[in-house]
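Q: What follows is the residue order along each chain.
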Amino acid sequence: MTESSSTRGRLTRRGFLKTAGAAAGVAGLAGVASMATADGWLAPASAEAAPEEHVARTYHQSHCGGMCSLACTVRDGRMVKVQPNGVGNPDFQTICLKGISEVAHIYGKGRVQTPLKRVGERGSGQFEPISWDEALDEVAELIKTTQDAYGRDSIMVLATAEADFGFLAPMLGAQTGGFDGIDVGTGNGLDPAMGFGAGYAMCAPEARDWQRSKLVLTVGSNYCESSLPNVFTFFDAKEAGAHMVTVDPHYSTTASKSDEWIPIEPGTDAALFLGMISHIIDNDLADEDFMAQHSTMPFLVDAETGLLIRDHEEIAPVDEAAEAEPETPEQNPYFVIDPVTGNPVHHTQCDTPAISGTTQVRGRNAVTVWDVLVEGQKPYTVDWAAEITGIPAERIASLAEEYAEGPSSLALGWGGNDKMTNADIAGHAAAVLVAITGNVGKPGAGVGVYVGQSYNSYAPALGAWALPEDWAAAASEVSIYDMPYRENNCHAAIFCGDIVAQHLANMNVTCDWADTLDFIVTMDPYFTEGAKWSDYILPCTSRFEYDEPFGNVKAGYSQIVIQEKIIDPLFEARTDLWIQRELASRLGLKAGIPESSVDRCNAILSTSTEPWVSELTVEKISENGAVWPVPDREVIREVVPDQVFPTPTGRMELYYDGMVPFDQQLPQWEPCTEIADESLRAQFPLQLTNTRTRFRIHNQFYDSDWLQLMYEPLVMLNPADMASRGLETGDVVRVFNDRGEFKVHAAANNAIRPGSVRIYEAATADYTVAGNLQNVTNNTMIERGYDLMCGPVIPFSDTLVEIEKA
Amino acid sequence: MTRLAIAINLDRCVGCHTCALSCKMQNNVPEGMLWNRVLTEDCDVMDGALGTYPNVTRTFLPVACQHCQNAACQRVCPTGATYKDDKGRVEIDYDKCIGCRMCMAACPYNARNFNWQTPVRVTGANYGDAEVPVRPKGVAEKCTLCKERTDRGEEPMCVVCCPAHARIFGDLDDPDSEISQTILNRKAWTLLEGQGTRPSVHYFE
Numbered sequence: 001m002t003e004s005s006s007t008r009g010r011l012t013r014r015g016f017l018k019t020a021g022a023a024a025g026v027a028g029l030a031g032v033a034s035m036a037t038a039d040g041w042l043a044p045a046s047a048e049a050a051p052e053e054h055v056a057r058t059y060h061q062s063h064c065g066g067m068c069s070l071a072c073t074v075r076d077g078r079m080v081k082v083q084p085n086g087v088g089n090p091d092f093q094t095i096c097l098k099g100i101s102e103v104a105h106i107y108g109k110g111r112v113q114t115p116l117k118r119v120g121e122r123g124s125g126q127f128e129p130i131s132w133d134e135a136l137d138e139v140a141e142l143i144k145t146t147q148d149a150y151g152r153d154s155i156m157v158l159a160t161a162e163a164d165f166g167f168l169a170p171m172l173g174a175q176t177g178g179f180d181g182i183d184v185g186t187g188n189g190l191d192p193a194m195g196f197g198a199g200y201a202m203c204a205p206e207a208r209d210w211q212r213s214k215l216v217l218t219v220g221s222n223y224c225e226s227s228l229p230n231v232f233t234f235f236d237a238k239e240a241g242a243h244m245v246t247v248d249p250h251y252s253t254t255a256s257k258s259d260e261w262i263p264i265e266p267g268t269d270a271a272l273f274l275g276m277i278s279h280i281i282d283n284d285l286a287d288e289d290f291m292a293q294h295s296t297m298p299f300l301v302d303a304e305t306g307l308l309i310r311d312h313e314e315i316a317p318v319d320e321a322a323e324a325e326p327e328t329p330e331q332n333p334y335f336v337i338d339p340v341t342g343n344p345v346h347h348t349q350c351d352t353p354a355i356s357g358t359t360q361v362r363g364r365n366a367v368t369v370w371d372v373l374v375e376g377q378k379p380y381t382v383d384w385a386a387e388i389t390g391i392p393a394e395r396i397a398s399l400a401e402e403y404a405e406g407p408s409s410l411a412l413g414w415g416g417n418d419k420m421t422n423a424d425i426a427g428h429a430a431a432v433l434v435a436i437t438g439n440v441g442k443p444g445a446g447v448g449v450y451v452g453q454s455y456n457s458y459a460p461a462l463g464a465w466a467l468p469e470d471w472a473a474a475a476s477e478v479s480i481y482d483m484p485y486r487e488n489n490c491h492a493a494i495f496c497g498d499i500v501a502q503h504l505a506n507m508n509v510t511c512d513w514a515d516t517l518d519f520i521v522t523m524d525p526y527f528t529e530g531a532k533w534s535d536y537i538l539p540c541t542s543r544f545e546y547d548e549p550f551g552n553v554k555a556g557y558s559q560i561v562i563q564e565k566i567i568d569p570l571f572e573a574r575t576d577l578w579i580q581r582e583l584a585s586r587l588g589l590k591a592g593i594p595e596s597s598v599d600r601c602n603a604i605l606s607t608s609t610e611p612w613v614s615e616l617t618v619e620k621i622s623e624n625g626a627v628w629p630v631p632d633r634e635v636i637r638e639v640v641p642d643q644v645f646p647t648p649t650g651r652m653e654l655y656y657d658g659m660v661p662f663d664q665q666l667p668q669w670e671p672c673t674e675i676a677d678e679s680l681r682a683q684f685p686l687q688l689t690n691t692r693t694r695f696r697i698h699n700q701f702y703d704s705d706w707l708q709l710m711y712e713p714l715v716m717l718n719p720a721d722m723a724s725r726g727l728e729t730g731d732v733v734r735v736f737n738d739r740g741e742f743k744v745h746a747a748a749n750n751a752i753r754p755g756s757v758r759i760y761e762a763a764t765a766d767y768t769v770a771g772n773l774q775n776v777t778n779n780t781m782i783e784r785g786y787d788l789m790c791g792p793v794i795p796f797s798d799t800l801v802e803i804e805k806a
Numbered sequence: 001m002t003r004l005a006i007a008i009n010l011d012r013c014v015g016c017h018t019c020a021l022s023c024k025m026q027n028n029v030p031e032g033m034l035w036n037r038v039l040t041e042d043c044d045v046m047d048g049a050l051g052t053y054p055n056v057t058r059t060f061l062p063v064a065c066q067h068c069q070n071a072a073c074q075r076v077c078p079t080g081a082t083y084k085d086d087k088g089r090v091e092i093d094y095d096k097c098i099g100c101r102m103c104m105a106a107c108p109y110n111a112r113n114f115n116w117q118t119p120v121r122v123t124g125a126n127y128g129d130a131e132v133p134v135r136p137k138g139v140a141e142k143c144t145l146c147k148e149r150t151d152r153g154e155e156p157m158c159v160v161c162c163p164a165h166a167r168i169f170g171d172l173d174d175p176d177s178e179i180s181q182t183i184l185n186r187k188a189w190t191l192l193e194g195q196g197t198r199p200s201v202h203y204f205e
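Listed in order, the protein sequences are those of chains A and B.
Counting in UniProt numbering, the first sequence runs from 1 upward without gaps.
Counting in UniProt numbering, the second sequence runs from 1 upward without gaps.
Be aware that one or more of the hints could be misleading.
FRET-style restraints, in silico, Cβ to Cβ [what the hints assert, rightly or not]:
1. B:Arg-152 / A:Trp-612: 54 to 60 angstroms
2. B:Gly-153 / A:Asn-508: 54 to 60 angstroms
3. B:Gln-117 / A:Glu-728: 31 to 37 angstroms
4. B:Asp-11 / A:Glu-314: 53 to 59 angstroms
5. A:Gly-650 / B:His-165: 38 to 44 angstroms
6. B:His-165 / A:Thr-305: 41 to 47 angstroms
7. A:Trp-612 / B:Gln-181: 39 to 45 angstroms
8. A:Ser-606 / B:Asp-11: 58 to 64 angstroms
9. A:Gly-726 / B:Lys-96: 38 to 44 angstroms
10. B:Gln-117 / A:Ser-606: 51 to 57 angstroms
11. B:Met-104 / A:Glu-239: 37 to 43 angstroms
12. B:Arg-101 / A:Glu-728: 30 to 36 angstroms
Sample of chain A residues with no beta-carbon within 10 angstroms of chain B, all distances over it, derived [unchecked claim]:
13. Gln-147
14. Ala-198
15. Phe-235
Please keep in mind that the hints were generated in silico from the structure rather than gathered at the bench.
Ideal Cβ placement from N, Cα and C applies to all residues, glycine included.
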């Protein structure tokens with residue numbers, strides 16, 4: 001060992017005793033209201049007999065994007081061990097601490113053990129056990145009564161990502177809550193340009209592509225926590241030489257693992273992108289070939305109306321009630337300038353039009369989108385962006401130069417700026433930044449959310465169980481977040497997962513609305529805050545329990561994964577499929593539900609449009625190790641490799657005609673509504689970031705004993721903000737604004753930006769000192785939001801609070 | 001000779017604690033104990049940072065038994081319960097442990113746990129590897145380098161489960177092994193070298 005390495009500033013011996021590690025948390029946890037006890041189920045099996053041991057496989061959570069296949073050891077009927085499972089390349093055999101924690105979690109105190117019926121006030125959490133027959137009979141009767149009185153769509157069914165309740169809404173003809181207002185902030189602005197991404201900015205190649213990038217610019221994403229099972233891809237890229245730069249208000253885990261962290265003022269990601277765009281324009285760094293051939297930058301805009309000019313005005317449909325299909329760009333082309341003649345021509349007649357120029361079309365003054373952009377960018381200088389973002393102007397300039405040189409990946413997220421009122425502008429500005437540099441559709445270049453490799457990898461085209469023809473969910477005219485404010489026909493709700501506390505901001509408003517419903521049923525393996533607002537709670541099995549050999553088939557990380565039965569259902573829990581079948585039976589609809597989950601698995605496979613999938617059976621996949629790799633998955637998955645975008649024009653469509661009434665046809669800076677409100681800030685000076693953590697998936701795992709070792713709800717402040725409030729680490733604090741309050745422990749952390757505080761999302765009353773985090777979060781929907789692709793985003797983090805010692 | 005060890009890449013470590021829980025699961029580690037902890041170096045809070053915003057740093061440091069060649073715990077053990085085995089691992093013979101906790105006082109890495117009471121498990125039953133002995137009240141316990149797994153030729157569970165691929169397991173006495181080569185080429189170090197314990201567990205960046 002060399003002298004230099006032995007004198008590194010490593011811990012002193014004393015340091016091992018005081019340094020922060022697990023089981024040294026500051027917070028004591030209030031006991032969670034225990035459910036009806038069923039001690040017998042948890043008793044260990046007899047120690048007399050020789051232990052029987054076997055291994056079965058299932059997949060874990062989908063909505064971290066991990067979808068890890070897990071090999072689970074069962075001994076004497078109990079799950080005792082969980083390991084990564086898979087075949088072939090070990091990179092596809094993933095796991096994280098959440099999967100491992102299931103060994104204790106599924107037997108934990110959070111499980112709903114029997115069907116429960118409310119006996120106290122809604123929200124009080126007081127229930128009594130009832131039998132399955134009683135519960136199902138009463139719920140079926142309530143459904144019938146409500147639908148008879150108010151129509152079929154008077155029932156709302158909302159199922160979260162981990163629930164397997166896909167039959168319920170179509171079977172009942174229920175509405176499904178419309179847009180959900182979550183994770184769509186950035187995608188609202190980015191995806192219309194890309195033509196894909198589903199509004200969730202899921203338009204990135206897989207993260208293995210980073211190995212081929214020169215720059216990986218992460219903005220508003222914490223990949224090293226939220227994509228934990230695939231975090232090796234971050235380091236594979238770093239070791240391959242990619243320059244990892246992370247922009248985040250806080251010194252996040254990803255920031256600390258990057259080559260460089262650039263701190264930014266919360267809610268100003270759009271201003272950073274606008275400043276970078278200006279620097280690229282001003283210094284002639286733009287990729288004109290890409291813009292001319294693959295974007296709508298050359299398209300002509302009417303200088304007065306601001307609308308794109310097409311061959312003819314949209315023909316109004318004869319029958320106004322009829323759904324009018326918009327004309328295709330071939331039927332009604334746009335105009336561009338032919339660079340040879342200088343004349344306006346249809347975009348379909350010129351592959352490489354002029355980027356810049358003015359002309360006349362049908363007597364109207366016309367100018368290219370690029371020229372509109374260049375003109376509109378003039379206020380957004382690098383110095384202006386520096387003022388807004390707090391990032392030095394020279395760093396914005398050098399970052400823009402590095403990004404433009406490429407190939408660069410722009411990794412965006414759902415947990416940061418996505419939860420701000422101006423998130424769509426940041427997404428739109430990101431699209432423009434990508435387009436003017438051509439950083440898309442080639443190795444090492446991409447944009448979007450890279451989190452979750454089961455989202456971004458090769459997805460096998462699975463089929464589906466065919467529903468009866470007359471089964472269809474009803475239209476949802478009012479989205480759930482607007483139900484407290486807008487007239488709607490929702491009279492009762494069936495929630496598969498925690499909707500009340502997890503999916504909606506400003507919880508006091510949510511609860512007042514929930515209390516107006518005729519009945520609420522929650523179906524969940526675990527007792528949640530939202531469940532307290534229910535009239536019935538039905539206990540579902542976890543991912544590890546089933547009543548048949550095979551439960552379901554899903555698309556994982558470039559492989560098909562299956563759910564094998566690991567253990568029998570615990571307590572009185574029943575599978576989601578069983579619950580749906582029993583309800584259907586009571587409503588005379590049983591014929592539409594598969595009689596067996598194995599039949600369903602094989603239908604999902606056999607109805608695939610891809611022959612290699614349709615030839616599979618669940619039994620065959622089981623024999624292969626419970627995963628079936630996508631052919632050629634070793635090749636890094638790219639998106640739009642030919643740079644032909646799945647937009648109507650086949651180009652990156654950067655100019656949003658529909659946003660002209662809001663002056664957002666090209667991205668224009670607009671500050672966040674709440675945190676930029678100086679007068680409100682005088683009263684509530686701290687921005688509250690509620691973001692994701694490796695220790696939870698949204699509200700899940702709060703009840704996990706093993707994960708409670710690592711984290712209990714804690715609001716983190718910069719030491720300066722602690723000191724000015726007379727706070728010390730470990731104090732209980734009251735976090736409050738005009739909407740409400742909650743109490744948690746506080747900790748000083750130098751990673752936190754002054755003026756901003758951070759708490760991990762979904763801190764609910766059973767796990768805080770008192771109250772719910774959502775009591776204070778912002779539910780103000782901006783007007784522009786209703787004209788965006790996925791409706792407005794709930795601006796959870798555009799929230800101001802004050803904090804004081806409780 | 002064989003000297004089994006782990007080398008940990010601190011640049012890759014994201015402080016996720018998957019190693020801590022995979023160890024807890026595999027080795028049936030009871031409530032209130034972890035054999036393997038992830039420290040946020042020199043910070044009072046997990047995921048804290050050193051310095052003043054925005055000039056801050058953070059190092060995650062996973063710490064378990066360092067399987068020292070000159071193990072302080074072994075030297076002070078009055079019964080020979082703590083011993084160095086033929087694969088270079090520091091192990092505990094639970095039958096010989098009298099619960100004097102001299103080892104815990106001697107270990108400079110705070111790597112040991114003690115069963116002050118009859119072990120409690122939240123699941124109400126044992127979990128993990130069937131071959132791992134169940135420890136009674138009154139004995140010390142710690143990382144065994146997954147003795148049962150490594151005896152079967154398998155890697156320790158923390159190495160198998162690390163999502164960042166930050167851990168390398170192998171034989172330090174084999175100069176051609178990946179771990180030996182990595183230690184050489186990446187200028188790996190050990191913790192508290194001044195203590196003279198000569199740990200087998202190495203760290204590198």
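Q: Indicate, hint by hint, whether the structure satisfies it.
A: Going down the list of hints, with the structure as the test:
no. : hint                                      : verdict
1   : B:Arg-152 / A:Trp-612: 54 to 60 angstroms : violated, 36 angstroms
2   : B:Gly-153 / A:Asn-508: 54 to 60 angstroms : holds, 59 angstroms
3   : B:Gln-117 / A:Glu-728: 31 to 37 angstroms : holds, 32 angstroms
4   : B:Asp-11 / A:Glu-314: 53 to 59 angstroms  : holds, 56 angstroms
5   : A:Gly-650 / B:His-165: 38 to 44 angstroms : holds, 40 angstroms
6   : B:His-165 / A:Thr-305: 41 to 47 angstroms : violated, 56 angstroms
7   : A:Trp-612 / B:Gln-181: 39 to 45 angstroms : holds, 40 angstroms
8   : A:Ser-606 / B:Asp-11: 58 to 64 angstroms  : violated, 47 angstroms
9   : A:Gly-726 / B:Lys-96: 38 to 44 angstroms  : violated, 53 angstroms
10  : B:Gln-117 / A:Ser-606: 51 to 57 angstroms : holds, 56 angstroms
11  : B:Met-104 / A:Glu-239: 37 to 43 angstroms : holds, 38 angstroms
12  : B:Arg-101 / A:Glu-728: 30 to 36 angstroms : holds, 32 angstroms
13  : Gln-147                                   : holds, 42 angstroms
14  : Ala-198                                   : holds, 26 angstroms
15  : Phe-235                                   : violated, 5 angstroms
Of the hints listed earlier, those the structure fails to meet are numbers 1, 6, 8, 9, 15, in rising order.
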